[in-house]
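> Here the protein sequences line up with chains H and A, keeping their order.
Just so you know, we're using the UniProt record's numbering here: the first sequence kicks off at 1 and counts up by one.
Just so you know, we're using the UniProt record's numbering here: the second sequence kicks off at 1 and counts up by one.
Keep in mind that a hint or two might mislead.
[To be verified] Simulated coverage check for chain A against chain H, where a stretch passes if three residues somewhere in it have a Cβ under 8 Å from a Cβ of chain H: (1) 21-30; (2) 237-246.
[What the hints assert, rightly or not] Label pairs and their in silico Cβ distance ranges: (3) H/Q296 x A/G205: 57 to 63 Å; (4) A/H270 x H/G311: 34 to 40 Å; (5) H/D294 x A/P19: 39 to 45 Å; (6) H/R65 x A/A308: 39 to 45 Å; (7) A/A231 x H/L235: 39 to 45 Å; (8) A/K232 x H/D294: 38 to 44 Å; (9) A/P312 x H/G311: 36 to 42 Å; (10) H/D294 x A/R72: 38 to 44 Å; (11) H/G311 x A/K232: 54 to 60 Å; (12) A/A308 x H/D304: 26 to 32 Å; (13) H/A39 x A/A308: 53 to 59 Å.
What the hints contain is simulated information worked out from the structure, not anything from laboratory work.
Only a predicted model underlies this, so the values are computations on that prediction, with no experimental measurement involved.
Glycine included, every Cβ here is placed at the ideal spot set by N, Cα and C.
Protein chains: 2
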Amino acid sequence: MGEDRTDVRALAGLTTVVPPGDPWLGMMLAEHGAARVWAELVAGAPPPTVDEVPGDGPRMVDPERSAAHWRRWHTAAARVDVDALMAASAAAGIRFVAPTDPEWPGRLNELQAPGGRRSHGLWVRGGGDLRNLCLRSVAIVGARSATAYGEHIAAELAYDLAERSVVVVSGGAYGIDGAAHRAAHAAGSTVVVLACGLDVDYPRGHAGMFADIARTGVLVSERPVGAVPRAKDFLIRNRLIAALTPGTVVVEAGRRSGALNTASHAVDLHRVLMAVPGPVTSAMSVGCHLLLRDRQAGCVTNADDVLAQIGPLGDVPPGPVRVVTELTPESARVLDAVSRNGSGPAVIAQACGQGLEPTMRSLGLLAAAGLVERCPTGWRLPR
Amino acid sequence: MGEDRTDVRALAGLTTVVPPGDPWLGMMLAEHGAARVWAELVAGAPPPTVDEVPGDGPRMVDPERSAAHWRRWHTAAARVDVDALMAASAAAGIRFVAPTDPEWPGRLNELQAPGGRRSHGLWVRGGGDLRNLCLRSVAIVGARSATAYGEHIAAELAYDLAERSVVVVSGGAYGIDGAAHRAAHAAGSTVVVLACGLDVDYPRGHAGMFADIARTGVLVSERPVGAVPRAKDFLIRNRLIAALTPGTVVVEAGRRSGALNTASHAVDLHRVLMAVPGPVTSAMSVGCHLLLRDRQAGCVTNADDVLAQIGPLGDVPPGPVRVVTELTPESARVLDAVSRNGSGPAVIAQACGQGLEPTMRSLGLLAAAGLVERCPTGWRLPR
């Protein structure tokens with residue numbers, strides 16, 4: 001357990017210095033474990049060697065480029081204080097979920113390394129349980145510059161799916177994503193997959209929506225608190241949207257929309273790809289029609305069509321998805337130690353007989369679930 | 001040749017008494033020839049026996065029902081004067097094309113009997129050569145109660161295809177059919193497949209359009225002059241639209257549109273089925289989306305998509321389709337005998353040394369090609 005935690009802390013630290021889905025990191029982690037890779041990176045040791053099977057993937061390790069990366073990562077890692085990172089995250093209601101954690105969505109393991117840009121850890125914010133939410137889910141994605149038609153269809157589709165306890169996963173952007181999130185949140189649960197730190201609220205105009213969603217759904221990112229989104233992060237992020245769900249619906253997409261990138265990931269991952277048709281006179285439907293024409297996307301016009309395409313959603317019984325995680329014994333002890341009037345995390349940690357870091361982690365989870373709240377003195381029971 | 005003509009005349013006569021595509025008639029024709037079947041029908045002899053191979057098709061001959069049909073057909077056939085039929089047709093610019101004629105479109109032979117509702121003969125009106133026109137063709141069909149969107153798309157598609165020398169085949173109805181015919185006629189050629197006699201002009205409001213089309217394109221029907229359309233005739237007619245072309249595009253169709261029946265025929269005949277998507281909020285696109293979802297229809301949004309789906313259109317060289325048939329020696333002699341001031345058909349027949357019936361037939365062809373015209377005294381060269 002102690003060793004596990006060291007690995008998890010190492011993975012959290014690595015999110016601050018290595019880009020999400022780096023295949024070389026994936027190979028090192030598989031061979032040497034996160035704790036050792038992180039320790040050697042911080043120490044500035046040479047990179048642990050990996051056995052690369054030739055032809056075992058599209059990406060080979062280029063020794064020179066790798067060495068340069070390793071040096072850059074080391075410089076960044078040497079400055080990382082994992083305790084502070086965990087504390088800052090917890091303070092923002094953000095927890096770290098590693099592949100070994102119960103909240104880890106099993107579908108992400110289908111992002112196989114090498115080449116597959118496996119995910120090495122997720123930052124999660126919100127009262128939902130990411131794994132449970134994704135079991136019975138569908139991704140609804142599309143253009144930011146959507147038309148009224150597209151936003152109308154996205155909202156209707158998301159609402160009807162959420163009403164049937166299907167969780168809507170999307171990218172939190174303006175346009176189709178926002179319409180889908182909002183409608184799904186109104187009728188059920190939704191998962192926002194971001195390309196930035198979960199405290200960054202990008203796009204700005206969706207900060208309120210993100211806060212609303214965090215109450216029952218979750219926000220997810222591979223990037224740590226404070227990380228601002230760069231253009232390439234959106235593309236890397238898109239693979240998560242496709243991987244977290246059994247199927248992706250593209251509602252509107254221009255000829256070069258990022259939604260088509262998500263669609264490609266869905267195809268690569270053998271997920272069900274669906275597209276909503278629209279007027280052939282609309283530039284915002286061109287991408288959907290390309291998917292229907294060239295990518296064998298299923299033609300969907302309503303929630304029934306989507307459910308028929310997805311098929312029975314695994315072994316999840318129909319009915320409302322459990323939104324709040326059952327408390328771990330650790331978190332239950334922390335909750336017992338939180339008072340009505342509030343106290344600082346060190347006091348709480350001492351009261352429940354646990355270390356500061358696990359206490360912070362539990363406080364973040366409890367806050368996300370609405371069971372504790374911030375106050376001037378630290379944390380208190382909600383009034 | 002004389003025997004051939006007897007067969008052709010018999011087939012023409014049969015169109016007046018037997019419904020198009022009757023499978024039992026098809027079996028009798030295959031086994032005994034049209035001349036004999038017609039002669040025995042007119043004489044009221046018992047129906048010629050046919051060898052029915054069990055399981056060789058969905059329809060078996062029911063002796064009782066067949067006998068009843070045969071009696072009804074005999075009653076009608078006894079009243080038919082084939083000479084008068086041919087003369088009335090020629091007078092209306094309508095010629096009869098039998099499966100043995102050079103103008104017969106070979107694709108129709110893929111309507112295999114038994115069960116396949118093979119066509120036994122076509123009435124044709126217009127200056128085009130039906131076979132040539134259909135070589136490089138596409139069917140564009142859809143709802144009568146089309147939306148402005150649907151008519152716009154149908155027209156654009158038809159115009160762009162016609163401009164590339166693809167002949168547009170449709171059913172002559174209001175809505176999508178009319179929009180497609182009109183646009184195709186403006187840029188090239190079009191073929192109208194009707195469920196009524198070619199002098200009947202159904203729907204009435206398209207009489208002017210039909211007359212326009214007859215100048216360079218053709219109108220086709222399995223039903224003789226004067227035949228009014230009954231509901232079931234449209235469904236039987238639809239198989240011709242699908243069979244005449246290598247592919248069918250459905251532009252707009254409600255959930256129960258007749259265009260979906262044409263689409264089914266296209267699938268049964270291994271033709272390329274295509275559908276134009278539209279707003280999922282439009283009831284007139286529901287049928288198209290069903291075809292995309294359930295019938296593996298290709299998603300097409302413009303003429304390029306259609307051409308890509310159809311593939312290379314056989315061995316027809318690109319370029320304008322030959323519109324006017326080369327004259328047969330028979331017709332050339334008739335044309336020579338027609339004067340500027342006009343004369344009756346008997347005079348013309350005598351002048352060119354041919355019988356009245358072949359002369360009438362040639363006059364019909366010549367009129368359709370615009371080389372002769374009607375006048376108070378009979379026929380004359382156009383002024």
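> Would you mind marking each hint as holding or not holding in the structure?
Now for the hints, and whether the structure bears them out:
1. 21-30: violated (count 0)
2. 237-246: As far as the segment 237-246 of chain A goes, the hint is violated, because 0 residues have Cβ atoms under 8 Å from chain H.
3. H/Q296 x A/G205: 57 to 63 Å: 42 Å, violated
4. A/H270 x H/G311: 34 to 40 Å: 29 Å, violated
5. H/D294 x A/P19: 39 to 45 Å: With a Cβ separation near 43 Å, H/D294 and A/P19 satisfy 39 to 45 Å, so the hint holds.
6. H/R65 x A/A308: 39 to 45 Å: 41 Å, holds
7. A/A231 x H/L235: 39 to 45 Å: Violated - the Cβ-Cβ distance for A/A231 and H/L235, about 56 Å, lies outside 39 to 45 Å.
8. A/K232 x H/D294: 38 to 44 Å: Holds, since A/K232 and H/D294 (Cβ atoms, about 39 Å apart) stay within the stated range.
9. A/P312 x H/G311: 36 to 42 Å: 38 Å, holds
10. H/D294 x A/R72: 38 to 44 Å: 53 Å, violated
11. H/G311 x A/K232: 54 to 60 Å: 39 Å, violated
12. A/A308 x H/D304: 26 to 32 Å: The hinted range 26 to 32 Å holds for A/A308 and H/D304, with Cβ atoms some 31 Å apart.
13. H/A39 x A/A308: 53 to 59 Å: For A/A308 against H/A39, whose Cβ atoms are near 57 Å apart, the range 53 to 59 Å holds.
Violated hints, listed in ascending order, are 1, 2, 3, 4, 7, 10, 11; each of the other numbered hints is respected by the structure.
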